[in-house]
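Undergrad: So you can see what is in the structure, the chains are spelled out below.
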Amino acid sequence: MALNKESNGYVIMFSVILVLVTAVALVTVFSFTRDTVSNNQKLEKMQNILQAGRINVERNQAEAEYKKSIIDAFALTEKGEVKMKGEIDNVFNIDLASELKKKEGEEKLFPVFVCNKNDSTFYILGMRGKGLWDAIWGYVALQKDMNTIYNAVFDHKGETPGLGAEIKEGWYTAQFTGKKIADEKGEFVSVSVIKKGTAPASDYNVDGVSGGTLTSNGLHDMLKLFFSAFYEYAKTQKNAAPEVKAETVPATNDSIPADSLALDTQATDSLNNNTTTTNH
Amino acid sequence: MAEVAVQQEKEAIFSKKRVKLLTDPLNDNNPVTVQVLGICSALAITVQVKPALFMFAGVFFVVVLGNIVVSMLRNVIPNRVRIIAQLVIVAGLVSIVDMILKAYAYDVSKQLSVFVGLIITNCIVMGRLEAFAMANKPWPSALDGIGNSLGYGLLLIIVAIVRELFGSGKLLGFTIIPPSFYEHGYVNNGMMMMPPMALVLVGIIIWVQRSRNTKLIEAED
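Chains as they are written, first to last, in my numbering: chain A, 3 to 282; chain B, 55 to 275.
Hints were generated in silico from the structure; no laboratory data involved.
Any given hint could turn out to be false.
Below, a list of computed lysine-lysine pairs in the BS3-like style, where the Cα atoms sit at most 30 Å apart [claimed, not checked]:
| # | chain 1 | residue 1 | chain 2 | residue 2 |
| --- | --- | --- | --- | --- |
| 1 | A | Lys-198 | A | Lys-240 |
| 2 | B | Lys-156 | A | Lys-70 |
| 3 | B | Lys-191 | A | Lys-69 |
| 4 | A | Lys-132 | A | Lys-87 |
| 5 | B | Lys-164 | A | Lys-44 |
| 6 | A | Lys-226 | B | Lys-104 |
| 7 | A | Lys-70 | A | Lys-119 |
| 8 | B | Lys-191 | A | Lys-47 |
| 9 | B | Lys-269 | A | Lys-70 |
| 10 | A | Lys-7 | A | Lys-110 |
| 11 | A | Lys-103 | B | Lys-104 |
| 12 | B | Lys-191 | A | Lys-170 |
| 13 | A | Lys-197 | A | Lys-70 |
| 14 | A | Lys-132 | B | Lys-191 |
| 15 | B | Lys-156 | A | Lys-7 |
| 16 | A | Lys-70 | A | Lys-105 |
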């Protein structure tokens, strides 16, 4: 065979065939694993939503527990108007990444899940924002008063390990519990992520991650955007039914055992994460 | 093709030379401790034994199959684009590993995160393809791949055992160090969880290995 292996034609032929074969192999594997992977991702999302309501389940039980605990869901526009009321599955499937990409003036939909745990109600807000390198997202559960944070769960795609990536750790999210999105007069303030020590600790700020300033800023913007939508919604709800405010007192009382539980998890978390904190 | 046929001398499937391909990388020519390749992943994913095991499985799959495929194609790969061709093959295999992990070991794949993709840049993989598979037949190449990934895995697992045991008192997630130890003031070594400690451990292993293995001791000038 007088095939010149170094001729341009041969090199191009070889490359094309090699790439085609590789592509076919990848597509085959992908089509086999696609369903399992997307199911895993769905279950993980359910797990995260439940986690925001402090319901910790194994992945294989996530779906059953999710169906039991998430009793309602709706979507909010940026102005706090309710859409998709009661369409739990559709709200679950809202892709925040594409919602956030929508242009100014188009309606963005933010998911809110209503969780019922031991007869207390939590509003779990789905969130998404920009970290330093890539997307960050999370779920924040608010108590029945629609103001006090019950628990927060964050995750990220590619923040720097040991720095920005720390936002997903339990010791970091623990500081969100008990923070408020509106002040005593009912005005919206959001929860600010600030550099430690630059402002006195209050109900409206949390510490950023040292060395992860840009991630912290992204987190700050994300919280503000989603809290403001929910605040507008909460305002309409409170105007419609003023007695909700009165109910908040027993609601916070209800949460006392849950909070003491929170302290426990916090303690174990800080044990587990001893090492991550020393990374700084 | 006639020349190739002439070269095919009969050789036992497990001749001495070939067994050496398997055993050499475990000790005398360990890819991590002797050739000091693949250090990067050895630091990153050895905090616990379980991800280390999966990483080993992934590298095993990629090195062995990559070696076999490249070795089978070695006579048709044009010399000018051989590195790119190897990269395409390795990248394809790594993507397959990544998809399988995501489907059947989702948690581990999250833990390994970018390091699965980084198998592509693991020097052991490209090193074996370029140095061995391009010049040898598929069967010895397969043995070479098995040997080298075992050598890599062996080191990975030793480091991971030490780090998980002393760093968090567990092995494969099971608590090993009894609670009574902690009551008497035993504390997990947080240093163990940090990447630099893996480097120190690898260093200690290299030291022990060099002092025991006479072949590795360089003659003094």
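Undergrad: Please go over all the hints and tell whether each is borne out by the structure.
TA: The hints, checked one at a time:
Taken as a hint, the A/Lys-198 and A/Lys-240 pair is broken in the structure, with Cα atoms around 34 Å apart against an allowance of 30 Å. Distance hint between B/Lys-156 and A/Lys-70 is fulfilled; the C-alpha atoms sit about 27 Å from each other, no more than 30 Å. In summary, the hint linking B/Lys-191 to A/Lys-69 is not supported, as the alpha carbons are separated by about 57 Å, beyond the 30 Å threshold. The straight-line distance between the Cα atoms of A/Lys-132 and A/Lys-87 is roughly 28 Å, inside the 30 Å bound, and the hint therefore holds.
Taking the CA atoms of B/Lys-164 and A/Lys-44, the gap is near 14 Å; set against the 30 Å cutoff, the hint holds. The hinted pair formed by A/Lys-226 and B/Lys-104 fails the criterion: a straight-line CA distance of about 39 Å is larger than 30 Å. Between A/Lys-70 and A/Lys-119 the CA atoms are separated by roughly 9 Å; this keeps the pair inside 30 Å, and the hint holds. At roughly 48 Å between alpha-carbon atoms, B/Lys-191 and A/Lys-47 are farther apart than 30 Å, so this suggested pair is violated.
Between B/Lys-269 and A/Lys-70, the direct Cα distance comes to roughly 65 Å. Violation of the 30 Å bound is thereby established for this hinted pair. A distance of roughly 57 Å separates the Cα atoms of A/Lys-7 and A/Lys-110; the hinted pair therefore is violated under the 30 Å criterion. This hinted pair does not check out: A/Lys-103 and B/Lys-104 have alpha carbons roughly 38 Å apart, beyond 30 Å. Annotation: proposed proximity of B/Lys-191 to A/Lys-170 is violated, straight-line Cα distance about 48 Å (limit 30 Å).
At most 30 Å may separate the alpha-carbon atoms for a hinted pair to count; A/Lys-197 and A/Lys-70 exceed this at roughly 39 Å. For the proposed pair A/Lys-132 and B/Lys-191, the alpha carbon gap of about 50 Å is over 30 Å, so the pair is violated. Taken as a hint, the B/Lys-156 and A/Lys-7 pair is broken in the structure, with Cα atoms around 39 Å apart against an allowance of 30 Å. With a C-alpha separation of about 36 Å, the suggested pairing of A/Lys-70 with A/Lys-105 is violated against the 30 Å cut-off.
Hints 1, 3, 6, 8, 9, 10, 11, 12, 13, 14, 15 and 16 from the earlier list are contradicted by this structure; the remaining hints agree with it.
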